[in-house]
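Please build the complex by placing chain B on the supplied structure of chain A, with the hints as guidance.
Residues per chain are reported as follows:
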Amino acid sequence: MTDQIPSRSEGKSPLGASLLPWIAALAGRVGNFRKDLLAADSWAPAAGLGVELDRALSALEVPPSVPVLVVMLGGTGVGKSELFNALIDRPGASPSSDTVRCHTSQPFLAVHPLDRAHLPSLQGLEPILVEGGVPRGVVLADTPDIDGMIERHHGVTRQVLERADLVLFVTDPDRRANLQVLEELRRWAPRKRWLFVLTKADKYADTIDAIARDFAKRVEEIGFALDRESQFVVASVRPSDAGIERLRQAVLRPGDENRMPLLRQDAFLRQAAHALSAGHLHPFQMEADRLGALADRGRARQEQAYWEALSQPRAADAFARVVKQSAWKEISERSGPFLFPAVWARARMQPLATGWALTRGLRGGLLGVAGALGASALWALRGLSPLRHIAEALGESFRDTLSAVEHDARRALEDAGLDRIGVVGSVKGQGSTGSLAAKAEVPPGLGEAVDGFLKQWTLSDVHPELLGRVEQDVETAGRESARLATSGFGGVVSVFLGNALVAGMVGWVAWRLGKSWWLETDLSTSFFLQAATLVVVSLLPGMLFLAWRLANQVHPRRLRGLLGKHAGPIAGGQLERVRETAAGWFRQGMDIAKSLEEAQRLLSADLGADATWGTSLPARSAQPASHARKA
Amino acid sequence: MKLESFLNATDRLAALVPELLRLLGYREKLPTGWSALLERAGALRRQGGRLALVATLYGPTGAGKSTLFRNLTGIEVPAGDEIRPLSRGCAMAVPDQWDQADGEPALRAVLPGFDLRPLDRPERLRQEDGQGLVWYRSAERLGGESRSQAKADTPGLFLVDVPDFNSLEIANHERAERVLRRAEVVVFVVTGDSYADQKVVEELARCCQVAARLVILITKVASPEKAQLKWADLLNDKLTRTDLPWRAKFQGKREDGRTLEAFLRECPVHAWPFSAHPTLEDLRPVTAGAPTLASLLLGLDAEKVAAEGLLQAGASSAEWVGQLAGRADAARGERQRWRASLDDDLARAGLAVAGHEFPIGRTLEVLMEEARAGQNQVFRWITYPFSRISAWMQGGFQMVTEAIRSAIRKPTPGGELVRLEDAERKSLKRVAEELVDKWRDRWPAWVGSLDSGQCRKACDTLGAIALASPQTNWEEALRLSARDWVEKHPTWAHTLPVVLDLTTVGGLGLFVLDISTTGGLLGSHVVLGSLGAGGLMAGGAGLAAMLARMADNMHFKSVLEDADRAWREQRGREIAEHLRQHLLPGILGDKLKDADRLTSFPVEEMRRLAGELTRKPTHD
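Line by line, the protein sequences give chains A and B. For the first sequence, the residue numbers in this note's numbering are 1 to 631. For the second sequence, the residue numbers in this note's numbering are 1 to 620.
Okay, chain A solo, but in the shape it has when bound (with noise of 0.2 Å):
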């Protein structure tokens, strides 16, 4: 006999060796998924998910020198022990006994001499070795009970099962149907390759066919496609039994170099493609959905709380001064070349203006006028402080809204164990408060010591998301009532001949410009005089229209209609960024499976329909739920 384990013939590729860059591929990105689920382990589904992934990880760190392990798994006194012992042709190797049940309580492992340096570890277990009686390269092992009253034997049995590539899971006539184990089977099936042994056919004679394919239906309800190539019958525990025969050409083949690692990539594949079942991601969808729904139903109350506010008239007014400042700026690039100089002259002076609309000191005299004038000044300076006057306009009971859709997300979030994700990702500020954020990195200047100033004196805090949101919806309004105001007939009319008028008079000057220069005659200062004021006042039927048809754009009851569909959310947006990041790992771990499936597939294939491998749940049949049937 020699040392070396026999290996397929020279030069052929070896099974499945074409999918082992794949598997590793895809082992990486199973392992980054993996990681990515740690932000969320105190959510059950993903740290449950996270714990089959590891253990699918598990498979591919067995080194190749450790042997196949055949593990039997079978209720109290199935005839576990005296199969063993028949299969390996040592009678009482692993003691039995008619009139004792939970006799056996250690693992015996039949084991090939060479292999007993690479055992599988089995940690705290102290299981009893029976040398021979086994090829090189597999390990069988016979296990206690897993249903018996003695607790400490299934524990036992689960540990070796941990480790097992191959399961025989052996049972008898009578006791086919029992739930324990059943659902022991069940529990372990997505993990393993699976033979199934009916002892005791002889005490059954004449029903036994009716029995096993009872039996088999059992084991295809979990799922199986349960063929005869993995069902075996055994009559009698005599080693020279037909079936045990058959059985032990299965199980006990010599060992084949690529049986091992093709196992593993196997089981690695099967496991991880059950974590990725669809059943298992599910409740990342479910999620997604209902953080959806959450977050819609927040942003449609802040929503009607903003627009309620902003039709309050002090909101409202102040909004609509704001955004005609926005418009005229616009509106400078939409007004023709000749208009441009005067509406920009106008945009310019326009923040001075609503500062002032906004104080309306007059009233107090000189010093009132002054004031008037010194918070214009800053307004002007800084742009941002009309907007933080709107946010204020919108009032107490809009800022309680916005305060409790904020604490229903965190506290949905909560509820769910989902509220760490993201809280990483939003520090970096995304979205609508990415523009103040970049205003509070420009080195404290002039601006921002007022704007310190200024808030220090404001009623409460503003919202900054709020703040974000007043300012893009100012500028839309803006960019909007100017493209009303510039486009349509009445618009394109007012903008041509304001321009014309314009063009007019300054053809007129240039022209007796020319004319004086041909003739050289000298224009009198009057004439330039003249000539500036014809200039100035045709720009002002222009103005005059393009500002009336602006104050009809801007008009408080029309804001909305500016502004059509609403924007991103005010408040709770880490709802949506936890909805997001959840349906983004629903889509992850289908589009993983779908590789898994694929890989698991052709592999399948490469091994072939044979017993030495086992039979093993197709995949997407595993049944998460227990298939025990209810009333």
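There's no promise every hint is true.
[Stated by the list, open to error] In silico DSSO-like pairs for lysine-lysine, Cα to Cα no more than 30 Å straight-line: (1) Lys-488(B) / Lys-29(B); (2) Lys-593(B) / Lys-457(B); (3) Lys-457(B) / Lys-203(A); (4) Lys-217(A) / Lys-199(B); (5) Lys-226(B) / Lys-238(B); (6) Lys-249(B) / Lys-226(B); (7) Lys-438(B) / Lys-457(B); (8) Lys-203(A) / Lys-199(B); (9) Lys-238(B) / Lys-253(B); (10) Lys-29(B) / Lys-203(A).
Read the hints as simulated data drawn from the structure, not as lab findings. Just so it is clear, the structure is predicted and the values come from calculations on it, not from any experiment.
Then chain B, alone, in the frame of chain A:
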């Protein structure tokens, strides 16, 4: 003890226990002994004087219960030979003479609460059925022995074949257990290979707890001797091992004081060796000379066994009811601690709101009044002009403020002038949200989850209710200490009103200046509102710090401190009460009521009733 009082104790407990279970948030399965007590007591009431015994064949899947039933009664029932597990209903063999003499109503008295239907075809048993459905059929003989051997005045034995308790067919377990609760006599059928299954031994313990009589039948063994060895392994090894939990489990006491283990040891054991076509002749007691299974069943004294069954269920329930009472005591303490911690939280929250706001304006007004009352005539004369202006300013203050406001701003509903009530309401809202968050963090499990929707509802409800304005009690305390101060420091008492008048005039001037120049940008309206009329001078002129220094010099710091303390205590209580009335109900709903009910729950009565259950019921 009379049977009547035993049954009354059961009835009273049947009313009390469910409520207590709800109050305790009891989620475990109800013990079989308790359900058995209710079933058996009900049956006894319905049957009147004639007592019928119910016996069940109880065992794991594949033990041969149905085969035994067929052999004993001749009634065809399906067995799971080729299909396992088999979803099936319960079959009952009714004594022939009973069926004819009394009909269905009397039958219903034997099994009250069950749905009884005649079994005309064996397939009926495989119909989908609801809980508590029992198919019955009359059987003249039981195991070859005529039922007429039984005593003439007793209705005899009702043998029920139930499905298994450990197969995939979960519905079967419920059906089997339902009959087990009613049955006084249990024939525990188990194969020689499954006697040491975890689930089998658990059920065996349950049978020891609730059955009046238990007979063991070990099936599918090679010989009665093998069966005896297996049974000995269970009794002498597995159940006595100190490293296993079973030993303790079987040390529980039965109604007569025996342990479950002792009871089990005395149960008759029969064996039914394996055979492809088993017959009753093979079924033998493992000890030679003992009576056969059928004669054992037919020879029972119905009255005695029924009483034992009731008492056994009573004893088993009494223990559990005692445990419940213990849990109720523990929960009471817990609920009281919880209520105390709620009160504590509310008191803190009230103080936080009250401490956040202090009506300094009103305080100074009171102080001024007291100080002025103590001024002498000369002083009053000298300072008359200032105090007139000051008084006019204060009196007309509201008018002036409104006038200024309307001059500088368009009047808006819900304007921004911050008044004390508004400030309080605002911090009340904040404090309520904080409270809710705090409770969410450390909420006892029995209250259930406090989800964000509930929190929102409660906070919104609170926000919609106006906070009552403070009562004036604290002002009385302030007035007393102010008088005291005026007596002790007459000089300061003379000068204080003057200083205050001066600052009022100056402060108001500056206030008007601020309003008219910056529209209140410098914050006069902030201070103005929260200080009220008398606080104007402190806020408007920004002299708060100076005033505090002065207060220190004038030794009336302690007066202010007293006032502050009195204010906090009173207002804090008021706000805590407000929270208790308007925030708590929204979140807790019935939980508070439940806690109160638990506190007043008649636990002692339950203990007493449980004690009555352990005494033997006898007929008159």
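Here is what the structure says about each hint:
The straight-line distance between the Cα atoms of Lys-488(B) and Lys-29(B) is roughly 75 Å, outside the 30 Å bound, and the hint therefore fails. Between the alpha carbons of Lys-593(B) and Lys-457(B) the distance comes to roughly 19 Å, so the proposed pair stays at or under 30 Å and holds. For the hint linking Lys-457(B) to Lys-203(A), the alpha-carbon distance of about 68 Å lies beyond 30 Å, and the restraint is violated. With a CA separation close to 24 Å, the supplied pair Lys-217(A) and Lys-199(B) stays within the 30 Å bound.
Between Lys-226(B) and Lys-238(B) the CA atoms are separated by roughly 17 Å; this keeps the pair inside 30 Å, and the hint holds. About 26 Å separates the Cα atoms of Lys-249(B) and Lys-226(B), which keeps this hinted pair within 30 Å; it holds. Restraint check for Lys-438(B) and Lys-457(B): satisfied, since their Cα atoms lie roughly 16 Å apart, inside the 30 Å limit. Of the supplied pair hints, the one linking Lys-203(A) and Lys-199(B) holds, its CA atoms being roughly 24 Å apart against a limit of 30 Å.
For the proposed pair Lys-238(B) and Lys-253(B), the alpha carbon gap of about 19 Å is at most 30 Å, so the pair holds. At roughly 39 Å between alpha-carbon atoms, Lys-29(B) and Lys-203(A) are farther apart than 30 Å, so this suggested pair is violated.
Violated hints for the displayed structure, listed by number in ascending order: 1, 3 and 10.
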